[in-house]
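These protein sequence lines are chains A and B, in that order. Residue numbers 1 to 145, in our numbering, belong to the letters of the first sequence in order. Residue numbers 146 to 290, in our numbering, belong to the letters of the second sequence in order.
Just so you know, these hints were derived from the structure itself, not from any lab. Because the structure is a prediction, the values reported are computed rather than measured. One or more hints might be untrue.
Chain A side only, calculated, beta carbon under 10 Å to chain B, not exhaustive [unchecked claim]:
#1 Asp98
#2 Ala114
#3 Gly121
#4 Cys125
#5 Ser137
For each residue, glycine too, the CB sits at the ideal point set by N, CA and C.
2 protein chains.
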Amino acid sequence: MTMDMGQAATLLRSVGLRPTRQRQALARLMLARGPRHFSAEQLHDDARIAGVDVSLATIYNTLHQFNDAGLLRELVIESGRSYFDTNTSEHHHFYDEDTGSLSDIPAEAMVLNAFPDAPEGREICRVDVVVRVRSRSRPGKTTKD
Amino acid sequence: MTMDMGQAATLLRSVGLRPTRQRQALARLMLARGPRHFSAEQLHDDARIAGVDVSLATIYNTLHQFNDAGLLRELVIESGRSYFDTNTSEHHHFYDEDTGSLSDIPAEAMVLNAFPDAPEGREICRVDVVVRVRSRSRPGKTTKD
DNA sequence: GTGTTTGCAAAGTGTTTGCAATTTA
DNA sequence: TAAATTGCAAACACTTTGCAAACAC
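When you get a sec, could you build the whole thing from the sequences and use the hints?
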């Protein structure tokens with residue numbers, strides 16, 4: 001799974017974003033290879049490791065633009081940090097509370113029924129399911145602190 | 146639904162917390178009346194309005210202690226702000242993206258089946274479902290920004 | 001050229017921490 | 001009195017903002 005600069009530019013134009021050097025590079029880093037789940041900080045590190053020089057402000061701008069354009073999906077897992085997912089199709093997540101790592105739950109592995117009606121005058125725009133897991137032999141906090 | 150200082154003290158002692166003036170007052174504010182969902186800031190305001198003088202640091206300490214003691218449940222809905230729920234029984238939430246308000250979905254209104262296995266060596270400690278809703282005639286952001 | 005995007009550094013938001021003073025048991 | 005708790009203010013982590021320089025078309 002790869003993406004050259006031309007493909008990245010085409011993708012960006014197709015969602016109405018100018019294919020700048022930074023956006024093309026970030027699109028390739030995010031969409032054409034792992035990881036599928038990352039924070040702004042992680043993407044910034046990935047970019048620097050890949051030799052792509054992008055400011056943190058631009059990382060944030062780009063993440064929000066991609067999210068709004070439907071290229072990414074923002075995940076809210078912990079307060080105080082945002083995660084983004086390059087998989088925008090319907091699915092859910094495991095969150096490992098010990099390691100902080102995220103993994104996918106395929107849509108078909110988690111079926112919701114007895115689905116509630118939205119409140120008066122509202123429509124459902126998204127359903128997020130987070131299954132929080134931890135190791136059986138949990139280090140640290142047990143019952144008391 | 147009310148709770149006097151004596152009852153608050155008993156409750157606190159039953160979960161291993163010293164019944165200080167602040168904790169008793171906050172227990173009464175949180176557990177004996179609405180709202181059921183609130184942020185630290187909201188609780189701080191509620192306390193001040195009720196004439197209870199408590200520092201924000203103590204609000205945070207208390208919220209975490211109550212959460213660890215099982216008196217509250219922390220909800221992660223938006224990055225950058227924590228919410229707490231006085232309803233600790235199993236249930237899920239509607240989150241109104243326009244107003245930021247939370248409402249409960251009773252456990253029986255939302256049945257999950259085809260439940261996935263936890264990853265190797267992990268156990269499921271909690272399942273959070275957030276159904277995000279918004280008004281049908283959405284003000285502001287449409288397709289583009 | 002003209003409007004968009006970038007990068008910097010500063011500002012902002014919500015939360016946590018260190019520690020002396022106070023309170024509880 | 002000994003240990004736990006509080007409140008303050010400073011520190012924190014992450015994110016956003018203002019604006020001049022750089023860039024895309």
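Hints, one by one, checked against the model:
{"no.": "1", "hint": "Asp98", "result": "8 Å, holds"}
{"no.": "2", "hint": "Ala114", "result": "4 Å, holds"}
{"no.": "3", "hint": "Gly121", "result": "6 Å, holds"}
{"no.": "4", "hint": "Cys125", "result": "5 Å, holds"}
{"no.": "5", "hint": "Ser137", "result": "9 Å, holds"}
When the structure is compared with the earlier hints, no violation turns up for any of them.
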